[in-house]
Amino acid sequence: MYGGVSEPVTMLATPIRIEYEFTAGLAQSRYLKGIAEGRFLGQRCPKCEKVYVPPRGSCPTDGVPTTDEVVLGNNGIVTTYCVVNVPFQGQSIEIPYICAQILLDGANIAFMGLIQEIPTAEIRMGMRVEAVWVDKKELGPTMASVKYFRPSGEPDAAYETFSEYL
Amino acid sequence: MAESEVLRSPHVIEYTYTRSTGPVIGAFLTGLRDGTILGATSPSGRVVVPPTEYDPITSEEVGELVEVGPAGVVTTWAWASVPQKDQPLDRPFAWALVQLDGADTAMLHVVDAPGPDAMRSGMRVTARWRPAAERIGHMLDIECFVAEGSG
Amino acid sequence: MAAAGGGRPVRPVAVVSFAQSKMMRREELRNDVEVLQPVIVDVFEKIGLSKDDMGFVCSGSCDYLVGAPFSFVQALDAVGAWPPMRESHVEMDGAFALYEAWTQLQEDDIDTALVFSFGRSSISELGRVLTLQLDPYYMAPLWPDPVALAALQARALIDAGTYGEADFAEVAARSRRDARNNPNAQVTGDKTAQELLGDDYVVAPLRRHALPPITDGATAIILAAGDRARDLCERPAWITGMDHRIETHALGARDLTISPTTRRAAVGAGLLPGGGEGSGTGGVSDDGVSVDVAELHAPFAPQELILRDALGLGDAVVVNPSGGALAANGVMVAGLVRIGEAASRIMDATAQTALAHATSGPCLQQNLVCALAAEPAGGRR
Numbered sequence: 001m002y003g004g005v006s007e008p009v010t011m012l013a014t015p016i017r018i019e020y021e022f023t024a025g026l027a028q029s030r031y032l033k034g035i036a037e038g039r040f041l042g043q044r045c046p047k048c049e050k051v052y053v054p055p056r057g058s059c060p061t062d063g064v065p066t067t068d069e070v071v072l073g074n075n076g077i078v079t080t081y082c083v084v085n086v087p088f089q090g091q092s093i094e095i096p097y098i099c100a101q102i103l104l105d106g107a108n109i110a111f112m113g114l115i116q117e118i119p120t121a122e123i124r125m126g127m128r129v130e131a132v133w134v135d136k137k138e139l140g141p142t143m144a145s146v147k148y149f150r151p152s153g154e155p156d157a158a159y160e161t162f163s164e165y166l
Numbered sequence: 167m168a169e170s171e172v173l174r175s176p177h178v179i180e181y182t183y184t185r186s187t188g189p190v191i192g193a194f195l196t197g198l199r200d201g202t203i204l205g206a207t208s209p210s211g212r213v214v215v216p217p218t219e220y221d222p223i224t225s226e227e228v229g230e231l232v233e234v235g236p237a238g239v240v241t242t243w244a245w246a247s248v249p250q251k252d253q254p255l256d257r258p259f260a261w262a263l264v265q266l267d268g269a270d271t272a273m274l275h276v277v278d279a280p281g282p283d284a285m286r287s288g289m290r291v292t293a294r295w296r297p298a299a300e301r302i303g304h305m306l307d308i309e310c311f312v313a314e315g316s317g
Numbered sequence: 318m319a320a321a322g323g324g325r326p327v328r329p330v331a332v333v334s335f336a337q338s339k340m341m342r343r344e345e346l347r348n349d350v351e352v353l354q355p356v357i358v359d360v361f362e363k364i365g366l367s368k369d370d371m372g373f374v375c376s377g378s379c380d381y382l383v384g385a386p387f388s389f390v391q392a393l394d395a396v397g398a399w400p401p402m403r404e405s406h407v408e409m410d411g412a413f414a415l416y417e418a419w420t421q422l423q424e425d426d427i428d429t430a431l432v433f434s435f436g437r438s439s440i441s442e443l444g445r446v447l448t449l450q451l452d453p454y455y456m457a458p459l460w461p462d463p464v465a466l467a468a469l470q471a472r473a474l475i476d477a478g479t480y481g482e483a484d485f486a487e488v489a490a491r492s493r494r495d496a497r498n499n500p501n502a503q504v505t506g507d508k509t510a511q512e513l514l515g516d517d518y519v520v521a522p523l524r525r526h527a528l529p530p531i532t533d534g535a536t537a538i539i540l541a542a543g544d545r546a547r548d549l550c551e552r553p554a555w556i557t558g559m560d561h562r563i564e565t566h567a568l569g570a571r572d573l574t575i576s577p578t579t580r581r582a583a584v585g586a587g588l589l590p591g592g593g594e595g596s597g598t599g600g601v602s603d604d605g606v607s608v609d610v611a612e613l614h615a616p617f618a619p620q621e622l623i624l625r626d627a628l629g630l631g632d633a634v635v636v637n638p639s640g641g642a643l644a645a646n647g648v649m650v651a652g653l654v655r656i657g658e659a660a661s662r663i664m665d666a667t668a669q670t671a672l673a674h675a676t677s678g679p680c681l682q683q684n685l686v687c688a689l690a691a692e693p694a695g696g697r698r
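Residue numbers (this note's numbering), protein chains in the order written: chain R, 1 to 166; chain B, 167 to 317; chain S, 318 to 698.
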């Protein structure tokens with residue numbers, strides 16, 4: 001080891017920055033345009049007939065193109081959830097908050113969404129929810145167009161109706 | 167769907183990687199901060215610059231670090247007529263592999279030269295150091311190399 | 318017959334199907350899954366199989382190219398990963414995924430494998446992405462782009478005295494002329510080497526023609542073993558050997574004018590007798606690979622010359638009839654395409670023997686050689 005008297009260097013910091021042009025592709029572009037129009041669009045697999053939302057252009061089970069577009073409603077079921085209590089870097093929502101898997105009526109796959117307008121102690125599996133959109137003039141091809149989901153007031157869904165999606 | 171309908175958006179990945187150096191790379195970077203270039207001696211006698219923990223050819227663990235350079239020979243070079251983002255110089259320059267005096271391997275760096283006509287393999291170059299206060303333990307503590315004797 | 322590690326005989330495995338997308342500068346509409354899907358459909362349709370017939374699936378791709386972690390997981394949507402499959406992935410060119418699949422097939426419990434790779438170089442700052450593969454302490458902080466590194470290698474080759482810019486231009490001219498016969502190639506041309514020498518330097522001594530294009534694309538290959546291969550394909554392209562060798566990542570510790578790892582990989586693949594160093598900086602060794610066709614993954618024109626010398630390819634060998642990486646260079650894709658193109662020459666009966674080469678890392682740091690033949694026992698020892 002070189003006999004220098006200074007404090008040795010033990011770490012090297014290297015900043016990295018890479019810029020990309022993200023392209024949504026065909027299926028996701030259709031989905032985001034639907035969002036900009038205030039509605040959820042899914043795509044159905046011609047083979048297994050499942051409806052995927054957001055659509056990815058291909059059925060992840062069968063590996064075939066999903067081309068049939070399906071308009072889904074605003075309501076769905078909380079299949080499962082968690083209550084976030086831990087602060088983390090980049091957090092934009094005040095804790096505690098509820099993060100849930102939401103199965104829209106007519107869809108065969110749940111997606112993640114924020115639940116608001118309910119005390120965290122009252123969230124439960126099977127609760128029916130509805131989407132809350134931003135004002136019409138603020139709609140855009142971005143998931144920020146959906147503010148959150150809130151209880152719809154409908155009776156809870158029976159466990160058997162969503163258990164296969166857990 | 168027409169091309170105009172496909173959605174695009176800019177996307178940036180940005181992160182500062184902070185890596186531990188270990189004793190060999192750490193010693194080299196410490197040397198740079200202190201204005202010295204070090205190489206590692208392998209049991210087979212090869213002096214590896216910049217030093218690796220193991221001889222790159224024989225895989226033997228390296229031993230002592232020794233001072234090399236600060237001048238040496240350009241073993242190959244290329245002319246960057248349009249410097250790219252984050253490259254060491256913002257004016258046209260030469261990339262070079264520089265085999266420093268006392269070293270058996272060459273180090274990648276850049277040569278500040280007036281043009282490609284001033285470059286040739288075999289030419290001698292010497293390190294132009296950043297001011298001591300600006301050196302942090304980084305390859306670019308050497309700002310660049312310049313033709314020996316050119317100051 | 319070449320030995321696979323430990324001297325055991327190689328289980329006969331063949332390429333039975335190959336598909337690729339039309340290579341292009343920029344895919345305007347589709348994302349990776351949507352580009353890959355028709356290629357997967359095509360590779361299966363050619364032999365009437367489906368994903369349910371595959372014993373193993375392996376892909377090659379690079380998350381940094383997409384700018385998203387685990388992007389290769391999403392890519393499996395194009396295949397359909399249910400029921401759960403035996404699957405693997407390499408953050409490398411698909412050629413190395415094929416090596417893994419071939420290795421898996423050396424065990425007897427599966428008979429078929431799907432290999433695929435994809436990448437859209439157009440969406441990122443490709444030079445910066447590739448810089449991230451370099452030594453993070455000594456090289457990456459200077460942000461040398463791949464053209465700069467290849468240019469250092471080109472200058473070293475010129476200094477060694479055997480090749481010059483005119484030779485680089487000849488490789489480029491020939492490649493793009495030949496690419497006119499390849500409907501999937503991206504860059505074709507009919508300029509002479511002399512005309513190409515009028516191109517501007519990008520990073521001297523490399524002129525524009527000596528560089529690969531930036532390419533978006535995807536490709537897939539199906540491998541099958543023994544009788545399964547014979548059932549699926551009239552003329553399977555048998556893999557008689559495969560090997561992959563790596564040089565040090567310390568660029569200044571390498572002789573950039575030769576490719577000893579390509580030579581060692583050719584020995585390992587059974588295409589050359591063991592022992593002996595590379596032929597050096599020029600000239601054809603008497604001790605050279607003798608095949609009808611060689612598809613060499615040389616993204617930069619001077620690299621083809623280095624690879625030819627390392628393999629000792631004589632004038633009788635047809636090199637890169639597809640146009641090679643100078644005609645289409647899908648990062649993560651072009652190496653697997655070399656295997657597919659070489660295999661295609663056997664499957665379409667224009668060749669009896671072939672060699673496919675793939676590279677990874679700066680300046681031919683890693684090299685894979687795949688030996689192919691119309692007969693399974695076509696070893697060269």
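If you are wondering where the hints come from, they were derived from the structure by calculation, not from laboratory data. One should not assume that every hint holds.
Stated by the list, open to error - In silico lysine-lysine, DSBU-like type, Cα no more than 35 Å apart, as pairs:
1) Lys50(R) / Lys33(R)
2) Lys339(S) / Lys251(B)
3) Lys251(B) / Lys363(S)
4) Lys363(S) / Lys47(R)
5) Lys147(R) / Lys136(R)
To see whether the hints hold, each was checked on the structure:
no.: 1; hint: Lys50(R) / Lys33(R); result: holds, 21 Å
no.: 2; hint: Lys339(S) / Lys251(B); result: holds, 31 Å
no.: 3; hint: Lys251(B) / Lys363(S); result: violated, 46 Å
no.: 4; hint: Lys363(S) / Lys47(R); result: holds, 20 Å
no.: 5; hint: Lys147(R) / Lys136(R); result: holds, 12 Å
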